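Same order as they appear, the protein sequences are chains A and B.
Residues in the first sequence are numbered from 0 upward in steps of one, following numbering that gives the first Met the number 0.
Residues in the second sequence are numbered from 0 upward in steps of one, following numbering that gives the first Met the number 0.
I should point out that these hints are in silico values taken from the structure, not numbers from a laboratory.
Each hint should be verified, as a subset may be incorrect.
[Claimed, not checked] Below, computed lysine-lysine pairings styled on DSSO-like, alpha-carbon distance capped at 27 Å:
#  : chain 1 : residue 1 : chain 2 : residue 2
1  : B       : K17       : A       : K374
2  : A       : K374      : B       : K197
3  : A       : K300      : B       : K408
4  : B       : K102      : B       : K149
5  : A       : K338      : B       : K24
6  : B       : K17       : B       : K219
7  : A       : K215      : A       : K98
8  : B       : K16       : B       : K197
9  : A       : K301      : B       : K149
10 : B       : K215      : A       : K28
11 : B       : K16       : A       : K98
12 : B       : K194      : A       : K219
13 : B       : K215      : A       : K194
14 : B       : K102      : B       : K338
15 : B       : K149      : B       : K73
16 : B       : K219      : A       : K149
Being a predicted model, the structure only gives us computed values, none of them experimental.
2 protein chains.
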Amino acid sequence: MEKIFTNIAENAKISSKKIAVLTTKLKNKALLNIADSIEQNKDRIFDANKLDLKEAEELVRSGEINQSTYNRLKLDENKMRDMIQGVRDIASLEDPVGKILLKRELDEGLVLTKISCPIGVLGIIFEARPDVITQVSALAIKSSNAVIMKGGRESSNTNKMIMSVIQEALSKTEGFPENVLNQVFTREDVAEMLKQDKYIDLIIPRGGNKLVKFIKENTKIPVLGHADGICHIYVDEFADIEKAKKIIIDAKTQYPSACNSVETVLVHKNINDKEIISALQDAGIEVIFNPESWHKEYGDKKLSFKIVGSLDEAIEHINEFSSGHTESIITENEDNARKFMQAVDSAGVYHNVSTRFADGFRYGFGAEVGISTNKTHARGPVGLEGLTIYKYTIEGNGHIVKDYAEGVKSFHHRDI
Amino acid sequence: MEKIFTNIAENAKISSKKIAVLTTKLKNKALLNIADSIEQNKDRIFDANKLDLKEAEELVRSGEINQSTYNRLKLDENKMRDMIQGVRDIASLEDPVGKILLKRELDEGLVLTKISCPIGVLGIIFEARPDVITQVSALAIKSSNAVIMKGGRESSNTNKMIMSVIQEALSKTEGFPENVLNQVFTREDVAEMLKQDKYIDLIIPRGGNKLVKFIKENTKIPVLGHADGICHIYVDEFADIEKAKKIIIDAKTQYPSACNSVETVLVHKNINDKEIISALQDAGIEVIFNPESWHKEYGDKKLSFKIVGSLDEAIEHINEFSSGHTESIITENEDNARKFMQAVDSAGVYHNVSTRFADGFRYGFGAEVGISTNKTHARGPVGLEGLTIYKYTIEGNGHIVKDYAEGVKSFHHRDI
Chain A
0 MEKIFTNIAE NAKISSKKIA VLTTKLKNKA LLNIADSIEQ NKDRIFDANK LDLKEAEELV
60 RSGEINQSTY NRLKLDENKM RDMIQGVRDI ASLEDPVGKI LLKRELDEGL VLTKISCPIG
120 VLGIIFEARP DVITQVSALA IKSSNAVIMK GGRESSNTNK MIMSVIQEAL SKTEGFPENV
180 LNQVFTREDV AEMLKQDKYI DLIIPRGGNK LVKFIKENTK IPVLGHADGI CHIYVDEFAD
240 IEKAKKIIID AKTQYPSACN SVETVLVHKN INDKEIISAL QDAGIEVIFN PESWHKEYGD
300 KKLSFKIVGS LDEAIEHINE FSSGHTESII TENEDNARKF MQAVDSAGVY HNVSTRFADG
360 FRYGFGAEVG ISTNKTHARG PVGLEGLTIY KYTIEGNGHI VKDYAEGVKS FHHRDI
Chain B
0 MEKIFTNIAE NAKISSKKIA VLTTKLKNKA LLNIADSIEQ NKDRIFDANK LDLKEAEELV
60 RSGEINQSTY NRLKLDENKM RDMIQGVRDI ASLEDPVGKI LLKRELDEGL VLTKISCPIG
120 VLGIIFEARP DVITQVSALA IKSSNAVIMK GGRESSNTNK MIMSVIQEAL SKTEGFPENV
180 LNQVFTREDV AEMLKQDKYI DLIIPRGGNK LVKFIKENTK IPVLGHADGI CHIYVDEFAD
240 IEKAKKIIID AKTQYPSACN SVETVLVHKN INDKEIISAL QDAGIEVIFN PESWHKEYGD
300 KKLSFKIVGS LDEAIEHINE FSSGHTESII TENEDNARKF MQAVDSAGVY HNVSTRFADG
360 FRYGFGAEVG ISTNKTHARG PVGLEGLTIY KYTIEGNGHI VKDYAEGVKS FHHRDI
């Protein structure tokens, strides 16, 4: 097994150098071919999905997986249509590679350029959602990265079929290199993936808290993602209470198990907390006043509730207990809003809106590979840009450093 | 010891939230106060440096440190002047924090902003160069990060004195928070630093290969830097030989122990390699034709030499053996230059110039905290920008996701 995985990783590295130099036109051609191929073969994919669903029904019955995992696993016409449209949308996005980020004449005839380029090989680990495989494949191609994917075992039939349809489309795309998209299937493969820092440049886990924590603790490769989503809403002294109620209810009930759902509500002592509490309870939310831990992520229609004495106390509480995902202040006071947004150290800091807006599609990124709570590389929803890095080029004509060290020449550093 | 270090790290984290919200004006004031204070106290610093030098003389005699370490340790009037000017230069640079990187109206009255912000707490480990402490302090302040520094033990008297002069200046700067700059001294402190992923967000080692490798292998905290500097120059079939000779000699002899010195020269088979070899030998360079390993970093006036059959072979060799630092192609053929610069996967890829240009000052970044060969976060010379990340803010007026999920409202994603 080890040898096989190393081969996959090594080949992915080789192919990453090839996809790095593909034209935008060829990458988009490949994406459109993938979309067409999925469309033409959707019945084969539905059939494979039925196999997975049949097995999953047993697992639901035996309690090994829950109904919501089953629902995520299920492909229907709507999901299929979105999946295909998603690939076409990524084809229509701007190429994130080859963008000039800085151009500076260092001296006469000596030009520095900072230019965006792919990262190399991505390792993406996700749970049972077969639509992820198409999205990740499309994002990898558009950003000129090779990728090794490991999906949830519950969706392995669907994943295999989708990948085979995608590979068919790529093999028909003249000039598209082999081994850009790779799929592995076992836990042992994941263990191997985490060791291959020679070949893999970035790991992106998409899944539950346990999966992400396990990965972060077991690899030297940079990991982009988030383990927890402990989001806060602070109802300021100068809040519009109606707005507060509406936003909290949305942030908790619109999709309670999402990472951007609110988990803790902080309310200023001068606000009528009774009114807020009864509105939340009317909306079916369980309000917990003395939670065991302020680090609690409920993933359900429950939230922790606390009265705070001041804006500063709210900021301090959030900076201590937040997972750094997304927080929102509800206030009509612009100064308080500004202070909150500057002082709170999270990937998303909102004013008078629901935390549920933290999402690559809602931000207009076209697609996302996940949401990062890291403090380095990419933070918040990660679209194509987060899958790139940059290199510096210098073009000159025999320029040597000695001339500058000895003062014969000097830099003028003029941005052009 | 453990407890003490944890206290330092915890206090640094607290202070990082305070410096995050300081105005540019106050940060610059602090920097100018530091520069003035060093200027006024330079004799005290020279005295402390003399203590270190005296101890170092013994170490040179007993062979524990070499002459070049001794030279780096020694502060003279020139280094002092540069050190002070360096701090003033950083004060005059643009504030990297609070820059608006994207502003987008998602829908009527719903505005997304991507804004640069500090990373948090930096851990910086460097060898015996007392001027680093001033530079790192200034970069940390300007980028609104707290920092924990561990310098080489050979310069501990100088480091302590410089830090005490800096702290004096900061305590006189009204409104400047405590515990932004922290210094530790022992190996045990470094071991503790590497464990504190709760408090430290980024580690930057500046020093030899062994130090950097040790750190990368012993921490879960992101590490920014480079272990090796195995830089290549490829003399293409269409090279101007005079240019090639001049550039290789500069890249090898101008500062042989620098990380951006060339270690391997690849020459196209149709080029007169004898002429190049004899020019290098005349310049005192030892040319090694069958090196034990193509991964060799000499740090001396030696280089590995290889004849290659084609541009592709050169690119392949570089992508396999380079440390991803900096490579240069010598050619008069624009197509070959373009191909090389696109296909070579290193932080710096040059055309007709010396690899020695890879440096933050030469790039016009004003100052650098190091050079990164990472594929994530920051690559190449890292100045102020590499010490920042960003957050997303959204400002709205009661906007909830339900309206968009149910199609009552829709996003229009208009950049403003």
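>> Could you work out which of the previously given hints the structure breaks and list their numbers from low to high?
In response: Result: hints 4, 7, 9, 10, 11 and 14 break, sorted rising.
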